[in-house]
Amino acid sequence: MNNQTPTLSELADDLITPPLTLWQLGWLRFRRHKMALFGGVILILLFIFAFGGAFLYTEKYANFNDTSQRLLAPSAEHPFGTDSIGRDILARTIYGGQISLFIGLVSVIIETILGIIIGALAGYYGGVIDAILMRITEAMLNIPTIFLLIVMAKFFGGNVPEIEIAGRVFSGSVIVIIVIIGATSWMYLARIVRAEFLSLKENEFILAARATGTSNSQIIFYHILPNTVAPIIVSSTLSVANAILAEAYISFLGLGVMPPTATWGNMLESSAKYLDSAPWLWFFPGMLILLTVLSINFIGDGMRDALDPRSRTI
Amino acid sequence: MSDSNTLVEVKNLKKHFPVTRGIILQRKVGVVRAVDGISFSIQRGETLGMVGESGCGKTTAGRTMLGLYPATDGSVIIDGDDILHARGKDQLKIRRKAQIIFQDPYASLNPRWTVNSIVSEPMRVHKLFATEKERSERAKDLLGMVGLSPHLLNRFPHEFSGGQRQRIGIARALASDPLFIVCDEPISALDVSIQAQVVNLLEKLQDQLSLTYLFVAHDLSMVRHICDRVAVMYLGVIVEIAEQNELYENPLHPYTQALLSAVPVPDPRKERARKRTILVGDVPSPINPPSGCRFHPRCPVAIEKCKDIVPEWREVSPQHWVACHLVN
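Chains as they are written, first to last, in our numbering: chain P, 1 to 314; chain G, 1 to 328.
Possibly wrong hints are sitting among the right ones.
[Claimed, not checked] Using C-beta positions, here's what the derived DEER-type ranges look like: (1) 158/G / 216/P: 55 to 61 Å; (2) 137/G / 183/P: 35 to 41 Å; (3) 109/P / 200/G: 52 to 58 Å; (4) 183/P / 86/G: 39 to 45 Å; (5) 129/P / 127/G: 28 to 34 Å.
[Stated by the list, open to error] Computed cross-link-like contacts, DSSO-like style, restricted to lysine-lysine with a CA-CA straight-line distance of at most 27 Å: (6) 204/G / 97/G; (7) 204/G / 93/G; (8) 14/G / 204/G; (9) 204/G / 201/P; (10) 34/P / 154/P; (11) 14/G / 305/G; (12) 28/G / 93/G; (13) 201/P / 28/G; (14) 201/P / 93/G; (15) 305/G / 273/P; (16) 307/G / 201/P; (17) 14/G / 127/G; (18) 201/P / 305/G; (19) 28/G / 14/G.
Hint data in this document are derived by calculation from the structure and do not stem from the laboratory. Since this is a predicted model, take the numbers as computed values, not measurements. Think of the CB as a built atom: it goes at the ideal place given N, C-alpha and C, for glycine as much as any other residue.
Please construct the entire structure, taking both the sequences and the accompanying hints into account.
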């Protein structure tokens with residue numbers, strides 16, 4: 001008659017508050033991490049600066065040089081001053097910021113993909129595949145990264161044609177730098193992923209999936225990988241800061257992104273000769289790099305605590 | 001022994017794990033003979049119990065039978081097809097007929113998946129329904145069959161108790177309409193009050209769906225309750241198989257006798273009066289199993305012959321098989 005009347009157990013199901021997902025729980029914990037929140041706010045402001053600033057100045061203006069205006073101290077007309085060939089530093093930090101943040105994010109995407117594939121194959125299949133991949137990883141780790149970066153930048157950075165993306169012309173060296181940074185930084189992530197796979201694949205839910213006939217690739221991507229997101233995200237976040245730093249120092253050594261395309265790193269390079277006479281040349285790009293790296297590291301620390309699977313507190 | 005009524009036939013199944021040394025150039029320094037040539041068959045609708053102490057290879061046997069570990073030797077024929085030697089699509093077809101329920105309800109469900117994804121996974125893999133919605137409907141039915149509310153479909157495993165998780169595991173095993181289920185100590189990790197519920201559920205499902213079970217356990221009283229026939233394993237081999245009552249009333253192998261005498265009797269007076277066979281020493285290493293009869297170093301009645309000659313596997317009375325020199 002009244003089949004619609006809920007039973008007691010069904011009522012109980014409705015009464016219990018829905019459980020927190022990993023992300024909700026993570027956000028609750030992340031919110032308590034004051035420095036991470038602070039870093040998040042700074043990073044958002046930096047993004048607004050780099051991408052919103054493009055509405056104030058055109059890229060042409062950022063690359064426009066007027067030698068009569070060279071090495072001017074900050075003033076109302078040029079808030080950050082001008083550089084050694086008379087370009088406006090504020091406009092250049094805006095466009096350089098876009099490139100630096102772009103390099104940081106995209107190279108980390110490459111790094112993450114490489115790290116996940118290599119770590120997952122080594123951890124899941126084990127045996128000979130594991131031995132080979134891990135020896136390669138260790139060999140890569142043994143070469144100092146800076147040395148590897150310089151050699152690869154020198155080798156591949158020769159004559160790269162300019163490329164056009166979304167109406168803007170980039171020096172081809174941007175792509176080269178992204179690939180180089182991505183290809184020299186996946187090793188730590190690969191080891192993290194491998195370790196996670198080694199422990200997760202022994203779980204009985206993997207055996208259950210195999211008993212059903214689930215294919216290896218489905219087990220890797222749908223069963224194991226979702227259980228490793230937390231450490232991967234933390235590691236990748238921290239890597240963004242490292243990638244921006246790596247770009248800065250190869251550009252500083254003159255092997256990175258080629259002028260006229262500005263990056264915070266190559267702006268520092270051109271200021272090396274004027275450390276005393278024109279400190280605004282290095283102060284603004286240097287400060288922006290510092291702020292970006294610092295805020296990303298704070299966010300990474302906050303995420304590490306927030307997504308820690310062993311922590312059960314809110 | 002094989003006829004149309006036999007669902008599962010295991011012939012000379014062996015699983016050896018290599019023991020290796022070295023990191024890059026691994027050399028084999030020995031083998032663990034976890035399962036060393038077992039043969040038995042299971043009739044349709046029957047429950048075969050498999051008992052033995054820890055480390056005797058019963059779990060390995062159950063998992064190797066389904067091809068979860070690559071078998072060293074032997075064959076397992078399920079409903080006429082050899083599961084271990086089939087590949088690709090053929091193997092998938094056989095896998096649909098055989099499923100497994102695990103011991104640890106906390107490790108056997110993916111913590112990142114909802115109950116719906118877990119229970120409908122076998123249907124997705126075997127492409128049983130056209131749409132995800134039909135699979136969800138079927139998953140709801142399955143939850144009802146194992147005594148869970150269909151409302152729980154979108155919950156995650158960590159929101160359930162051990163007994164409920166085990167029910168989810170059972171629902172997953174049923175999702176592909178299997179004929180045969182390996183129950184790998186399905187109740188050992190559960191609370192005693194929950195154990196009875198899960199065993200009753202397994203029995204009810206067996207009647208409803210005419211399932212065949214291989215019930216791996218070390219709880220002898222539970223095995224007696226649920227099984228039709230019982231196989232006793234020791235150090236990778238089966239030493240005795242008999243019908244449940246026959247084995248418990250008339251155990252022939254000295255190891256079976258010792259195992260049964262370890263079961264406490266609820267009456268304290270009888271308990272004090274009865275004579276127990278207490279085995280001395282530990283189970284020998286399966287890397288170097290004893291020669292002859294594997295049980296001879298611990299056997300209370302071993303004779304000289306047991307040290308050298310492997311006892312013959314023979315049928316001493318109808319349906320009662322034993323491997324011991326002393327049994328006539």
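Hint by hint, here is what the structure shows:
1. A C-beta distance of roughly 26 Å is found between residue 158/G and residue 216/P, which places it outside the suggested range of 55 to 61 Å.
2. Checking the proposed 35 to 41 Å range against residue 137/G and residue 183/P shows it is violated: the Cβ atoms sit about 48 Å from each other.
3. Evaluation of the 52 to 58 Å hint for residue 109/P and residue 200/G yields a pass: the beta carbon distance comes to about 53 Å.
4. In this structure the hint that residue 183/P and residue 86/G lie 39 to 45 Å apart at CB holds, the actual value being about 42 Å.
5. Evaluation of the 28 to 34 Å hint for residue 129/P and residue 127/G yields a pass: the beta carbon distance comes to about 30 Å.
6. Proposed proximity of residue 204/G and residue 97/G is supported: the alpha carbons are some 19 Å apart, at most 27 Å.
7. Note on residue 204/G and residue 93/G: the hinted pairing holds, with a Cα-Cα distance of about 26 Å set against a maximum of 27 Å.
8. For the hint linking residue 14/G to residue 204/G, the alpha-carbon distance of about 33 Å lies beyond 27 Å, and the restraint is violated.
9. Distance restraint check for residue 204/G and residue 201/P: the Cα-Cα separation of roughly 33 Å exceeds the 27 Å cut-off, and the hinted pair is therefore not satisfied.
10. Our distance criterion of 27 Å between C-alpha atoms is broken by residue 34/P and residue 154/P, whose separation comes to about 42 Å.
11. Taking the CA atoms of residue 14/G and residue 305/G, the gap is near 25 Å; set against the 27 Å cutoff, the hint holds.
12. The straight-line distance between the Cα atoms of residue 28/G and residue 93/G is roughly 35 Å, outside the 27 Å bound, and the hint therefore fails.
13. Pair hint residue 201/P plus residue 28/G holds up; C-alpha atoms about 24 Å apart against a cutoff of 27 Å.
14. With a CA separation close to 24 Å, the supplied pair residue 201/P and residue 93/G stays within the 27 Å bound.
15. Only pairs whose Cα atoms come within 27 Å are accepted, and residue 305/G paired with residue 273/P is rejected, the gap being roughly 95 Å.
16. For the hint pairing residue 307/G with residue 201/P, the CA-to-CA distance comes to about 41 Å; that exceeds 27 Å, so the pair is violated.
17. Under the criterion of a C-alpha separation no larger than 27 Å, the hint pairing residue 14/G with residue 127/G is inconsistent with the structure, at around 32 Å.
18. Proximity of residue 201/P to residue 305/G is assessed by CA-CA distance (about 46 Å); at most 27 Å being required, the pair is judged violated.
19. A threshold of 27 Å between alpha carbons decides the hint, and for residue 28/G with residue 14/G the separation of about 18 Å falls inside it, so the pair holds.
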